[in-house]
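Colleague: Sequence:
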Amino acid sequence: MSDINQPGPRPTPNLGGILHTYRGYDPVSFPPPTSPPSEGLQGLGDQMLAWGGRRRFTPEELADAIRLPPEALAGLGPSIDAILAKLESRKAKILATWNPSPTANQAAEIVTQLADPLLSIPDLPDWALERLRREVRERQIHGLERLWYLLEEDSPLKRKMPALVEAVVSLDRVEGLRDGWPFHGTRVPSIEEAFELRDELESIDRLLEQLKEALKNAKPAIVDMDELREFVEEADLSEFADVRRRAEELLKQAAEQEGMVQDEEGWSLGPTAMRRYQQTLLASVFSSMQGGRHGRHAPVDHDDGAHELPSTRPWSFGDPSSGLDLPASILNCVAREATSKDGDPRRPRLRSEDLEVHRTKATTKCATVVVMDMSGSMRWGGQYVAVKKMALALEGLVRREYPGDRLHFMEMYSVARVVARRDLVELLPKPVTIRDPVVRLRADMSDPNITEQDLPPHFTNIQHALRLSRRILANSDTPNRQVVLITDGLPTAHFEDEDLYLLYPPDPRTEKATLREAAILGREGGILNVFLVPSWSQTEEDVRFAHRIAESANGRVIFTSGGDLDRFVIWDYLARRRRIVNG
1 MSDINQPGPR PTPNLGGILH TYRGYDPVSF PPPTSPPSEG LQGLGDQMLA WGGRRRFTPE
61 ELADAIRLPP EALAGLGPSI DAILAKLESR KAKILATWNP SPTANQAAEI VTQLADPLLS
121 IPDLPDWALE RLRREVRERQ IHGLERLWYL LEEDSPLKRK MPALVEAVVS LDRVEGLRDG
181 WPFHGTRVPS IEEAFELRDE LESIDRLLEQ LKEALKNAKP AIVDMDELRE FVEEADLSEF
241 ADVRRRAEEL LKQAAEQEGM VQDEEGWSLG PTAMRRYQQT LLASVFSSMQ GGRHGRHAPV
301 DHDDGAHELP STRPWSFGDP SSGLDLPASI LNCVAREATS KDGDPRRPRL RSEDLEVHRT
361 KATTKCATVV VMDMSGSMRW GGQYVAVKKM ALALEGLVRR EYPGDRLHFM EMYSVARVVA
421 RRDLVELLPK PVTIRDPVVR LRADMSDPNI TEQDLPPHFT NIQHALRLSR RILANSDTPN
481 RQVVLITDGL PTAHFEDEDL YLLYPPDPRT EKATLREAAI LGREGGILNV FLVPSWSQTE
541 EDVRFAHRIA ESANGRVIFT SGGDLDRFVI WDYLARRRRI VNG
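According to this note's numbering, the sequence shown is numbered sequentially starting from 1.
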């Protein structure tokens with residue numbers, strides 16, 4: 001597919017309005033064949049993951065994400081060009097008329113007149129006087145506000161400072177007007193007129209940027225019509241409004257083709273869009289793989305994973321008759337009869353030594369539980385978004401390439417729970433509800449009056465996650481069972497019988513309980529691979545514990561940043577997944 005941004009052949013001259021019609025092609029319903037695929041879907045998907053699936057997108061956000069080809073809106077250029085010319089003319093007239101430099105000098109004099117009496121207040125503390133002198137000299141609005149909060153309530157300086165702060169704010173706005181645009185006029189505005197000029201110029205610059213973007217990428221929906229109405233006559237605005245309505249119709253069609261769905265709150269990603277988003281995530285993973293280190297992973301046809309190869313071998317007792325190669329077996333029989341002294345090639349008799357069967361390959365099945373840490377610390381750096389992107393990419397890989405595998409997802413916080421695949425986008429890190437430096441809590445979960453909603457949710461219970469994972473893997477029909485644990489540090493919660501302990505800072509009691517659960521998983525044939533993502537509070541003890549728990553279940557520790565998490569998990573899954581057994 002060609003890139004519309006590359007220079008093409010020189011345009012042909014106007015042929016007098018000749019209209020070419022192509023059978024089966026509707027430029028309204030289908031984009032031109034040269035238009036690139038939508039690149040905004042991944043951005044919308046990332047935002048949805050960050051908001052936990054409840055994110056709804058406005059038409060302006062949709063227009064910014066989904067690209068419409070400029071040629072889809074015939075007549076868009078002239079209407080926008082006319083508006084651009086009027087705005088540019090108005091801006092040039094303002095710059096040629098006004099001169100705000102004297103106004104800035106006047107505003108500076110007002111600041112000086114208000115500051116001098118304050119600097120002469122008797123009995124003012126030395127620290128306050130020095131602080132005031134510095135902030136006035138440097139024109140620091142924030143510094144003056146901080147000084148106001150530090151002063152005593154009965155301080156005479158505190159009562160008189162608001163007027164000074166307001167004057168400094170006015171000076172900042174006027175200086176921003178003077179320095180922000182190349183004025184070359186002679187008329188001096190008042191301070192109030194300078195404010196109005198700055199607001200007007202900022203509005204014109206915003207509109208110019210929006211209109212140029214609309215003209216370049218066919219996005220009239222991003223133009224603020226209310227703001228534009230203040231500068232353009234209604235007659236000129238009506239033509240642009242018609243083009244905008246047409247663009248909105250095309251944008252809606254394009255969004256629906258991408259799999260977006262609309263409700264009363266706005267647009268969201270539907271099932272089709274989610275599958276395309278998963279494909280985008282997978283494509284980004286495989287594009288990072290180096291050539292020669294991986295192959296094409298073709299989808300399997302049967303859950304048992306047995307496939308015939310072209311090569312054959314002699315039949316042995318117990319081989320199924322379904323794998324028999326009849327042509328090769330008959331040829332063996334004829335050749336034997338022809339070379340045997342008592343053989344008769346005209347009436348060959350098939351014997352067991354003549355039989356040939358196809359060799360087979362078996363692709364091993366795998367049962368995997370992915371444990372995703374959703375404790376309070378995973379909000380740091382947006383790590384939870386990387387975890388969900390990994391989960392969606394892995395789910396898409398297994399569904400498309402390995403339908404015989406068993407893949408389960410689990411959310412881990414103060415407790416653990418299995419998450420349906422359709423609910424992955426809804427996951428969010430738990431809010432921190434206890435900020436005490438030391439927490440020692442115990443909850444009797446056998447008490448019917450205590451529910452999960454009564455617990456502080458932001459702790460990390462790896463032990464409970466491993467226990468539930470063992471129960472899930474025990475029901476799988478394959479010996480290849482593994483747990484993928486994605487976390488950022490030490491556990492801070494564990495169960496002892498029906499008692500739930502929430503202990504912070506991390507306690508050796510919790511670590512021992514977690515290591516025992518990992519050892520049981522290893523004895524039952526499971527493998528635990530730990531993917532340790534960075535955290536602001538991570539220490540050497542977190543790393544040592546990750547090694548201990550992985551070694552307890554015959555696994556490994558992989559250190560990765562959040563942005564590379566999906567690649568490392570999928571690479572590791574493929575490395576363990578594709579094992580060919582020749583028969």
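Be aware that a few hints might be false.
[What the hints assert, rightly or not] Here are the simulated distance ranges between beta carbons: (1) 435 x 227: 40 to 48 Å; (2) 81 x 200: 17 to 25 Å; (3) 238 x 47: 28 to 36 Å.
Keep in mind that the hints were calculated from the coordinates and are not lab data.
Backbone N, C-alpha and C define an ideal beta-carbon position, used for all residues, glycine too.
Colleague: Run every hint past the structure and note whether it holds.
Modeller: Cross-check of the supplied hints:
About 43 Å separates the C-beta atoms of residue 435 and residue 227, a value consistent with the hinted range of 40 to 48 Å. Range check, residue 81 to residue 200: Cβ separation about 22 Å, and the 17 to 25 Å hint holds. Between residue 238 and residue 47 the Cβ separation comes to about 34 Å, which falls inside the hinted range of 28 to 36 Å.
Violated hints are absent here; each numbered hint is respected by the structure.
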